[in-house]
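> For reference, the chains in residue letters:
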Amino acid sequence: MAAINLKDNNALRPSAFARFREAISPLTQSKTAMLGFIMVMFWVIIGLFADDILFRPACWSEDSECKATPWLARYEAQQSFRGQILKDPTAEHWLGTDRQGRDIWARVAHGTRIVLALAPISVIVALLVGGSLGLIAGYFGKWVDEIIMRILDAMIGIPSILMYLVILAALGPSYLTIVLAVTVTGAPGIAKLVRSLTLDIKTRDYIAAAQTRGESPWYIMFVEILPNARGPIMIDAMLRMGYAVFAMGTLGFLGLGLPPPSPDWGSIVNAGRTHLLGGHPWGALAGSLSTATLVLGLNLMADGLQEQLNKYR
Amino acid sequence: MDAPVISVKNLAISYETSRGDVPAVRNVTFDIYRGQTLGLVGESGCGKSTVAYGLVNYLGRNGKISGGDIVFQGQSLVGRSGEELRKLRGNSIGMVYQDPFTSLNPAMNVGEQMMEVLTVHQKISTEAARDKCLKMLQRVYMPSPEKILERYPHQISGGQQQRVVIAMALLNNPSLLIMDEPTTALDVTIEAAVLDLIADLRRDFDTAILFISHNLGVVARVCERVGVMYAGELVELAMANEIFANPRHPYTQGLMRALPRLGVDKASSALYPIRGRVPSPSRLPPGCTFEPRCDYATEACRTNKQVFRALHTPITQDAATEPDVLGSHKVRCQFAEQIDPKAWVPAETLALYGRSDQFGKIPETVLDVDMLSTHYKSGGTSLLGAFGLGKRETVKAVDGVSFKLPRGKSLGVVGESGSGKSTLVKTIIGLEDMTSGKAQFMSFSLEKSARQRDLSLVKELQMVFQNPDATLNPAYSVGKQIERPLRRFGVVPSNQVRDEVIRLLREVKLDEHYYDRLPRQLSGGEKQRVGIARAFAGRPDLVLADEPVSALDVSVQAAVLNLLLGIQKDQGTTMIFIAHDLSVVRFFCDYIAVMYCGQIMEIGPAEAIYSPPYHPYTESLLAAVPIPDPTVQQSHIRLDGAIPSPANPPSGCRFHTRCPRRGLVPGDKCVTTVPTWQTIRTSDDDNDSHRIFCHIPAEELSKLEQALH
Amino acid sequence: MLNFIVKKAFSLLLTLFLASLLVFFFLEIAPGNIAINSLGNTITEEQEASFNAQNGLDQPAITRYIRWLIGSDWTAQSAVGKPLTRLYNEKNRQYSWWVVDTNGTLYQNYTQDGETMIRVERQPDGSEIETEMGPEIWKTDAEGFPTFWGVTREGQAAMWVKGEKLESWVLTKAAWKNSAGAPRKYIPLQMGLLRGDPGVSFFTGRPVMETLVTRIKNTLLLGGIAFLVVMPLALALGMLAGLNEGTWIDRFLSSTSLLATGTPEFVSGILLILIFTLWLDVLPGAVVITNDNSLFEKPSMLVLPILTLTLIELGYVLRITRTSMVEVMRTNYIRTAQLKGLPRWQIVLKHAFKNAMMAPITIIIQHINWLIGGIVVVESVFGYPGLGSYVREAALFKDVFAVEAAAMVFIIISVFTQLFADIIYTYLNPRIRYQ
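Chains as they are written, first to last, in the working numbering: chain A, 1 to 313; chain B, 1 to 709; chain C, 1 to 435.
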């Protein structure tokens, strides 16, 4: 008996490493999720190391410019090469050059950073707004729920592309507008998800137990309910991150993305597509496939994690 | 003698998982003959349902019969093609399921679903099939069967759904009927009616029935032969009378000791749980599967697999090698003949928790509830309702309930679902708002909701919940969850919180290693213990327990009941204990209130409730409750009709629509007039009086026959 | 059941209303000046003010919203005191507004000096006769000014004040033209969105509605065909995958559909153009419209746009249907059906199909919003002259009325499709049908 207890005791206080392993186990257990994770990490690494911004704090100020990493981005995003206009890929220019003679690969690599910064930021903002609304609607119910949900339903009823177009047409393209657009279109969906999770979780006895302790609604919402909703929320966030990348690409493609000379992927596609039928597909292709792989990676991760979550149930 | 309808020899079933095959069922051997009912009992996870589905080889994609043989009407079912099995299913083998509602297709009406059983297995015209279905519905005593055929499953009640499923299973006159927990989802009065029906049908159709249940009482009522399963094995098989009177396997004996018998209370006897827990099928003990929990285990048990054999035969003589004679008694224990259950001594002596009088002659009243009502609105279905304007129904969940509860005592509240017992408790603790009436705890009014109450009042009222899986927050460790009330109520200085948590864990018989565990690493019983530790952490004066043991297995239930009794005695806590199991309430409580449709029908000392004079509703409940003892005779009183909706309660006496004793009251007094309380017995202690809410005079009620004898 | 539908319809109407508010206020209230957007940033303050006044942009938001939604002619009529009427000119394809005089003749007014009001009377043959009006037309208003209400040549109801020599600026094709004798107040005349007149495009100067009609036709053709291709295919394949859960068919279909949904339409569009137009040279990569029947004369132009739309929608619908089917096949009532001894085809068709359709139908139809997103992109990729490319162009040029109108049309389509889906749902689900 004593021996068993000792063994249990060891199992109870796992090392930090074991706990980390446990935390990411849904990821490592699913091949799908792992594949997605690798695809996303590929772009994360490119984004982080496209230039030496991480290692040279001097280039954070205006005085000194960051240098492109020679083994990665190779060139600056805006560096243009004389006489190298709309060239096919060569050893010198891995993905060819665009109309202004800029290296397409260098632009894609630098553009990664914009995409990978804006997508998570906008999804986090949407999560904060939508999550809070959903929790409040679900927990308080009655007329609070009624009002919040009616408005959110109306917003969901509007196709998101129109939302994007309307917001961008009204406010003009900028980082802020893109974040705003993704928040406005994403928050209602998140709120609905969080609300339905809240409605489910609030019927559990441990919520009643908290209520019988006289806990405040905010304590119950954020401490008792929210942590139990995190699985589905994280998966949803991952999918939404995919949508955000998707949407940014689409906006850029439609000519409503960030103004030139931004090297974000949508803009690269937009610049390249006019030359598509002229036999110079490289710009359009590079931007497109980058977007597609990142979205796919995020979708695969969400899919794999969802599968694992279902298994736990 | 006839050949058995089905003969199972050494059946083994395993499931493929990513970690290899898991043997869910092993060495199961039994025969069932025509007109005979074999009950399979056992706690959850012991493989009884797997056996049922294994018989028709319906084991899902990853399950397979890995050994043994099933002979049905002389032919082996193992290794038959899907098409051959399909022709047997629904035709010569019928099945009835635990949850009738989910077992019926929500998108098809009852008639379509019944008729296809006939049309798929025989050439029959639609009219003839319909006619047969109608006859069968009449046969299962279904009121207005023509209408039922047109209905969709969601439009009929749970009892009716189960009748439909039973009728469906019988349509092709099957030789074998498999029933998997057919009454578990039903209320006790409806359960009794369905069990009667099953007994009737077996007599009329001469079918062999395999009846699976976790409830020993239910099995005792309908089965003439009972098999006990443990950890995937059949450990004992005998005639019902024999197994209940003279169980031979230590596990069966343990189950009997853990079960409160109706009429037994805490003052006169103790419940003895079985220690440890059922091993998981992937980690079975090397020798006897029950060895780690057995009081008689020897070194030999640890290493030797036990053989299923008839009593008084050599310990190696496998029963599967000989025909299964009706009346034989088989056991999987080499010491079966030597063990004398009467000579059993518990490993530790459990104190008896007598009716405590240590608080003086008349204990002070802690809780005083006076004409308490809780009504709430439910959304109407009128057209205007769509705009939020329509009329809404008022559900009178609790309607004019009064009682007093002295310090240190327990009040049991019993009643069927919808009787308002949960709402009553939730109103007292402040989770529901009261509509009218008064409730007073010591000097505090309980008018406000828990959120608005003073923290010092909140601390004194705590709750223990029913569902072990929902009682703990899955996101936090056990320690954190017990800590929260300690910190919130400031029970101990914050540097002593951890020690106090560990003390509480020990008090609920868990050691300190549980501090860091997450709820999903605990068994149901352990979760319930943590829930109890959390409820008692603030040292409350009044604990409300909402069916705290009804989701637990028998052996665990005993341990949790003992635990609650122990803590209650130590801390002098007053308790309200909700349960649907009359034996458990009788065992646990000092007083009992019987609720029906939002009102108390009868209230009084526990022992007074169980014999006349009693309320006709109490009488019906007692007649319906399944007793795990085939020798006990119960009066045959069955309630007709459905439980009325609390949104639209019957006039006069709420029980009049179903009352079997209405004949005793002349005229329509029951329909028109609300009864008055009759006090049967008064004592100096107002709390101790026995009151009945009925028009029938007390003298008449006293003349009712004993429901149990 | 009726309750349910009424409730749904009510909530969808609310959606429409809120959507119109959102669209309108975002576009017209948000920072970013319509005058500068439409006329360029070289305009003077005077010109801007005049532009705003003529187009009613100086009015409070709520007034403009009401005018946009239900029109301004009825307020103008009470100001003028006579009925107004709108005529459509086939030649320059523009609307003109006229006051209907008591004798039935139609007229407009202008003045060059703020003193002499000219009455332009329209003849039945379309020609116009100008006459000077007498001084008796000036009526003293509440503040004591001699005023006159009429309809301008540009289609506004307007109030002139006698002797006031205000200047107005109008940008014609060539240059800015200013004229004296401008009215003090304008009510730009329009019928309003709900009455089929979402206004005049600032960019083309033409009524938005006119362009909209052909564009809607084209888009409905594209979207409709795509929908008809996608739905049966996706539902069938989704059921196939769901019924064969875990097998290679399922894995193939699931991963293909994941790939398809994860690929943005502009990516798949570009890839398809590369493959079928540049490399294989079998299909046209752009839609070229020369006349009204172009699409029917050369239907091969439609293949790639439809294929692109199909790819992304197919994946989504397939996955939803698959999940639903898998869930249904695990339910207890399917177990019951199997243990009744029903053959598999009967279980699938009678028991599983209807239930498996129930969940996805509403989700799928809600996905119409995505289809609309896809349409906008696909139309832009292939230069297809539909509503999608129209709304994109309008957004690019900040043509406010055009964006508003096109967006509202899309939203109306979306909302009514959803209502339709809800009706199908109630039909499929007896729990709602027989409440």
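Hints were generated in silico from the structure; no laboratory data involved. Note that the structure is a prediction, hence the values are computed from the model and not measured. Misleading hints may appear alongside valid ones.
Derived Cβ-Cβ restraints for the label pairs, each shown as a range [stated by the list, open to error]: (1) L455(B) with P227(A): 21 to 27 Å; (2) S282(B) with I5(C): 51 to 57 Å; (3) K311(A) with T679(B): 21 to 27 Å; (4) L194(C) with P261(A): 42 to 48 Å; (5) R99(A) with G383(C): 18 to 24 Å; (6) K480(B) with L199(A): 23 to 29 Å; (7) K311(A) with I5(C): 35 to 41 Å; (8) A236(C) with R19(B): 33 to 39 Å.
Taking lysine to any residue pairs in the SDA-like style, the calculated list, with each CA pair at most 25 Å apart, reads [as the list claims (entries may be wrong)]: (9) K142(A) with A208(A); (10) K7(C) with I147(A); (11) K354(C) with G134(C); (12) K8(C) with I147(A); (13) K350(C) with G383(C); (14) K569(B) with P346(B); (15) K87(B) with D101(C); (16) K132(B) with G74(B); (17) K311(A) with L59(B); (18) K448(B) with T435(B); (19) K162(C) with D101(C); (20) K162(C) with K350(C); (21) K123(B) with W345(C); (22) K202(A) with K569(B); (23) K142(A) with N332(C); (24) K87(B) with E46(C).
Every residue, glycine too, gets a C-beta built ideally from N, C-alpha and C.
> Does each hint hold? Answer for all of them.
Going down the list of hints, with the structure as the test:
Taken as a hint, the range 21 to 27 Å holds for the pair L455(B) and P227(A), whose Cβ atoms sit roughly 24 Å apart. Restraint check, S282(B) to I5(C): a C-beta distance of roughly 52 Å satisfies the suggested window 51 to 57 Å. Range check, K311(A) to T679(B): about 59 Å between beta-carbon atoms, so the 21 to 27 Å window is missed. In this structure the hint that L194(C) and P261(A) lie 42 to 48 Å apart at CB holds, the actual value being about 44 Å.
Between R99(A) and G383(C) the C-beta distance comes to about 20 Å, which sits within the given range of 18 to 24 Å. One distance hint, 23 to 29 Å for the beta-carbon pair K480(B) and L199(A), holds here, with the actual separation near 25 Å. Checked against the hint of 35 to 41 Å, the C-beta distance between K311(A) and I5(C) comes to roughly 39 Å, which is consistent with it. A hinted range of 33 to 39 Å holds for the C-beta pair A236(C) and R19(B), which are about 37 Å apart.
Taking the CA atoms of K142(A) and A208(A), the gap is near 18 Å; set against the 25 Å cutoff, the hint holds. Between the alpha carbons of K7(C) and I147(A) the distance comes to roughly 15 Å, so the proposed pair stays at or under 25 Å and holds. For the hint pairing K354(C) with G134(C), the CA-to-CA distance comes to about 77 Å; that exceeds 25 Å, so the pair is violated. For the given pair, K8(C) sits about 15 Å from I147(A) by alpha-carbon distance, which is consistent with the 25 Å threshold.
For a cut-off of 25 Å, the pair hint linking K350(C) to G383(C) is broken: about 45 Å separates their Cα positions. Only pairs whose Cα atoms come within 25 Å are accepted, and K569(B) paired with P346(B) is accepted, the gap being roughly 21 Å. For the given pair, K87(B) sits about 88 Å from D101(C) by alpha-carbon distance, which is inconsistent with the 25 Å threshold. The hinted pair formed by K132(B) and G74(B) fails the criterion: a straight-line CA distance of about 29 Å is larger than 25 Å.
About 19 Å separates the Cα atoms of K311(A) and L59(B), which keeps this hinted pair within 25 Å; it holds. Distance check on the hinted pair: K448(B) and T435(B) sit about 11 Å apart at the alpha-carbon level, within 25 Å; holds. At most 25 Å may separate the alpha-carbon atoms for a hinted pair to count; K162(C) and D101(C) meet this at roughly 21 Å. Straight-line distance between C-alpha atoms of K162(C) and K350(C) comes to about 81 Å, which puts the hinted pair past the 25 Å bound.
For the hint linking K123(B) to W345(C), the alpha-carbon distance of about 18 Å falls within 25 Å, and the restraint holds. With a CA separation close to 33 Å, the supplied pair K202(A) and K569(B) exceeds the 25 Å bound. For a cut-off of 25 Å, the pair hint linking K142(A) to N332(C) is broken: about 34 Å separates their Cα positions. For the suggested pair K87(B) and E46(C), the alpha carbons sit about 90 Å apart, so the restraint of at most 25 Å is broken.
In summary, the structure is inconsistent with hints 3, 11, 13, 15, 16, 20, 22, 23, 24 from the numbered list given earlier, while agreeing with the others.
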